[in-house]
Each structure stands twice: as structure tokens, then as C-alpha cells.
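Trainee: The chain contents come next:
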Amino acid sequence: MKNQLLNKLRLGLAVSVAKTVTSLVRILRLGAASVLPGEIASRIQPQLLEKLSSQVVQGMILIAGTNGKTTTSLLLRTMLERKGYRVAHNATGANLLNGLTTALLENTNLFGHLTVDYAILEVDENVLPKVLSSLQPKIILCLNLFRDQLDRYGEVDIINQRWREAIATLPLETIVIPNADDPTLSYLGQHLPQQVLFFGLNEPEQYLDEIPHAVDSIYCPNCGHALIYQGVYLSHLGDFHCPSCGFSKGKLALDSCNWPQILIGLYNKYNTLAAILAAQQLGVDEASIRDTIANFHAAFGRAEELKVSGKQVRILLSKNPVGMNETIRAVQQVSGQTTLLVLNDRIPDGTDVSWIWDVDTEKLVEQGGTLIVSGDRVYDMALRLRYSQNGNCPNNHLQLIIKEDLRDAIATALEQTPDGETLHILPTYSAMLEVREVLTGRKIL
Amino acid sequence: MSTYGDRGNVICLERRLSWRGYEVKVMPLDQSATATDISQVDLLVGGGAQDRQQEIVMRDLKGSKAEALRDRIERGTPGIFTCGAPQLLGHYYEPALGVRITGLGLFDFVSVHPGPNARRCIGNLVIRVTATTLAQELEAITDSTPYLIGFENHGGRTKLGQVEPLGQVLQGLGNNGEDGTEGAVYRNAIATYSHGPLLPKNPFLADWLLQTALTQKYQKPISLAPLDDTLATQAREAMFKRLRVRAG
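Chains A and B, in that order, give the protein sequences. The working numbering numbers the first residue of the first sequence as 1 and each following residue consecutively. The working numbering numbers the first residue of the second sequence as 1 and each following residue consecutively.
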């Protein structure tokens, strides 16, 4: 009894301290308060995440994967909110433990009562096993595993192994929604005791003409033999089978041809399909799902569109080789003629910028037009673009402008964008926040 | 093998040749490559991989294929082996998980991963080239002390035997974070933990590799036409300034 009371007091104290911290951070304009409140409150009540998550009425939905977490979460959240549910969500993309705790704290009253039906939590791929040890989700979405910020973590294989071990220990009624087109996740899904529903594409007309360079798991996750692809949709996502052991992609729970997609870029079709499957499992009707897709607005910096000094601007977060290959493909599809690339190397970006050499920037250079580069590593990006050119002299249909100062770069890029055309901005994560700050005066929401 | 942007080295070498009017063929030495393919190569480039892929590559690199590669390197074919590739050219590599992988033993060194929870060696890397002959030849190209600038990201630690180190670490951890050495040079083959796009930012090293390869191929001294490397120089200066390393 005494212990229980103490625990309750501790929870109340943790919540009230967190709320005070949030107010202070915001009043003093120190940031969005998306991490610190959770950090401090967890020190007061170490089992905070466990205690809060157990109060979520209908259940928790975890979204993991290298790319697409924020967009998929926002789409699913919008579908649920349309049905009148109250949803907690770590909307600013703070996806480490303290960010998750903070998102739940936001919806908790001073007595420690959480007042939401669902919680959608974007979870960093390396933190997922740790999160699963303190909460039991209703649904886990596994979007993809690409090479990203290896300087923080090491390697795709190790992450995949940890996911498998952590998910296998969850209750059998947990629903796992993995991407069937990703061989490592297909393998994961086929070896779990839980209920597994695969999403993926069955649209061969969307195959890439050639397999892109940024491919990391083309060996069979089961036996190590090289996989055979009938076709590739993007990076290593595609229709594949192993000629040695017979392993092939999981059976799709949805026919992708029957569904429209949000925003631009094929990667957003994957995000759309993942959200649809989850929404269906939570009982959202088809009409509401379709209506939400048709009226969807992008999350900050993810194909987000802004109007700045009379010009149309589209920000396409580009934080790793696969992401950037796809954003370049999207720019090509809409024939963008002016593009600003911003490369930073801070902690949220990954301090290693060698990944830009795995991006097929040649495609951007071939297209011509005006390329403006900026960011902490402006010269590394400029060098990458120089080596994307065939001739020793710069192409005459390509104009390359180097601007160390970001404000200067943005102003120049806007000037260079003809009226009626769209300026595309491809920034890394911290660069995206800076770009938004320059364009809108605010970093996040 | 190519992880961590290792393709940057290939792109750099290929472009610097084609800009000068040479015809270049890039041949992937993958599982389908034969010993004959390997014996026809003029310049070798090796990159990094995940531990599992390293093992797959080593399983493939046996018998006549291994002999062909050994023969090329012994005969002085220039090569640049970054990140994980050198671990396979030493005596052995012990990965974080799994068993010891025997290497080709061309370089007199061994590499050991201290375990999955050990800190990776990660960060910007600056070294002064100390390998005697290479340093002299690079000096002849640049007209100054050769400093290499790169980025390291490796779990394994390498201990050198009798082989000559590539250089002395000014910034970063290098082979093992203890003895201040980085990389190794054997004949004209260079091993380094500085992964991926090492050559674009060190164009004189790229040109040394090309010059050595061409001189061997055509059996006469070849001098390469200069290229405009302003962007590389600016990228180098920006990094030296940020790291507060005085180079030059």
C-alpha cells in the first residue's frame, strides 16, 4: 500500500515537473520542449514510460524504420482523429526514449492520468528493442531498413537481429506490419509467431530501369546467396526470390493497385499502404481512409509546400542515400529546374557525410538547370556534383552556385527560380530545420 | 564491397582519367568475376562492408582468385583498400559476432573487433603520410608535405607487424587508437581505415595511383595533365580550419 502511494506521488511529481520544464523551455524560447521534459521526469519516475503507456485506452502503435516514420505516423493519426479518437504522437520526430515519454506527458494531467485513446510513437530503429522492454504495443509497423547514420549505430544486419529478438517476446496478439518488399523485413515477418500483415507494391510498371547503387541487403537473409530481383521499386525494395533456398517476399495483405497515394514520390506510396493496413486493423472504414488520403497535408519538411515571396517552394528532407535518390527521382518527375541542396554534418544528420557518394547525383546533373549548394559541408557537396559531370568543363546547361551562408543561398535560389516554377530544397535533417526557420520564422510546427 | 560511400573512390579515379581523355573500364570484382578478370586489372579498389558481407566475400575469394589478387599486388599493381577491405588482406579479422575470418596475409597485420558493445572509431581523420617512398612521390606531385584528410568509421582495431604504416595520425584514432599509426603500405597497395570518398578530397593520391598504373601498363613514365582542383582545395581548407589542424 505504502509503496503504491509512493509510486503515485512520484508519478504526480514527475508529471508536474515535466510540465513546468515544458512551460519554461517554451517561454524562454529555448526550443520545442520535445525531449527535455521526458528526460527529467524519467529520472524522478524511472518506470514512467511503462506507467503512462499502460493508460492508453485503445493501444499503442509503434512505427519504426529508416525512412517514412513521420509521414506515416501523421497519416495514421489523421485517419484516427477523423473517427473522433484522441491520439498522442511524438510529432516533432523526437524518437528516442525521452522523446516518446515527452509525447505521452503532453497528454497527461497533473494527477498522472493520460487522456488519449491511441498513442502513435515513431521509434528510432536502434531504440525499438529497449522500448519493447517497457511497453506492449497493439501494432508495430516496420517500414524499411536502409543504411542511415551508421556512425551512430553500426549496421543494418545487427539492427535487424535485435528487432527479431525483441518482437518475438511480445504477446501473440500483437499485430506486426512489415514491408514485404524489404528482404530483411520480409524474413523478419516470416519468422515471427505473431499475426503478421505484409504491405508492399505489386506494380511492375513502377520498376526502376536499373538497380540503384545504394543497395545494402541484396544477399538472402536466410542463406546468404545473392537474391534475384524481378524488379526493384526503390533501393533494395522490390520483387525478389532466392534461387538457393527459395525464400521470397511475404504475401501482401493489400493490393497496392487499388489504393491512391499521398504527396509525391513512390516512397510515399509505401507510407500510405502501411498507414492503411494499420487503420484497417483499428476499424477505420474505407471511406474515411480514402478521404484522409485525398486531403492529406505533408509533415514539416517532408514534401512540404510553402509559398515564399510569390514563389512556390517544396522541401524534401534528404537524410540518407535512399531518401535522397528518391527525392531526386521526385524532382525529376515534376521536372524541377531549380534545386537547393543543403548538407549539414551535425549529430542529427550523422557526422559522416560520405553517404553523398552513394547518391546518384548524376541524375540531377544530367537534368541540368540551376543547382545551388550550401550547408556545413558545402564544398563536399559541390565536389560530389563536380564529379557527377562527364566532361572536364562544367556542362553548359548546368549552373552550379556555391553559397556558404544559408540565408544567402536561399535568397539566391528564390531569385533563380522562374515565376510559376517550384524551387525544390533537399536538406539534411538539421538543415531542414534551419531552412524552415529562414522561410517561415519557425523551426518545427 | 561498397558501403559507406566507397564508390566515391571509383568515381574519382574514373572521372580523372576520362577528363584527361583516357578510356576506362570499371570491372566489379564480385562473385561472378574470374581469376582471369582479376589478372587483367591495372588498378585495384576495395571498400567496406557489413561483417556478414565481409564473410561472404572471403568465402568467395579463395583458390585461383586469391592467387590472382596476390599476384597483382606482389607485382606492384597499385591499389587502394579502404575500411573493411584491408581487414581481408591481413592475416585475419575477428568480427564482433561470429568466427575469425582468415585473410590473404598480404599485409603483415591482424584486425580484431573488440565486441558488439565496444565503441566504434568514428570521426574526421587527418594523417601525414610517412610511408617513405609514397611520401616522396606524393611530395613530388603536390610540392608540399602530403596530408590526407578523410573519415574513419570502424569497429575493428588493427595491429601492424613488420609492414610500413601509411601515416601518422594528426586527428582521429587510426589503426587502433593506441600507437598513432594509420593504414599500411605494401608495394603499391595502400590500406586505410579512412573509408569511402578518400580520393576526391585528396586528388594527389588519386593521381599517384593513376600515374603508377599507367606507367606500369605502358612501360614508360607517364605524367598526367593537371586538372582544376579548386573545389577539393576549398573542401580541404574548410576541414583543416574546422579541426584546427595546421597542414602544409
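Simulated from the structure, these hints should not be mistaken for laboratory data. One or more of the hints may lead you astray.
Claimed, not checked - Simulated restraints, written as ranges between beta carbons of each label pair:
#1 B:Glu23 with A:Gln332: 26 to 36 Å
#2 B:Thr233 with A:His397: 51 to 61 Å
#3 A:Gly231 with B:Asp71: 37 to 47 Å
#4 A:Arg82 with B:Asp228: 56 to 66 Å
Heads up, the beta-carbon is just placed ideally off N, CA and C, and yes, glycines get one too.
Trainee: Each hint should be assessed against the structure and marked as holding or not.
Mentor: Checked hints:
no.	hint	verdict
1	B:Glu23 with A:Gln332: 26 to 36 Å	29 Å, holds
2	B:Thr233 with A:His397: 51 to 61 Å	26 Å, violated
3	A:Gly231 with B:Asp71: 37 to 47 Å	39 Å, holds
4	A:Arg82 with B:Asp228: 56 to 66 Å	57 Å, holds
Violated hint: 2 only; the structure is consistent with all others.
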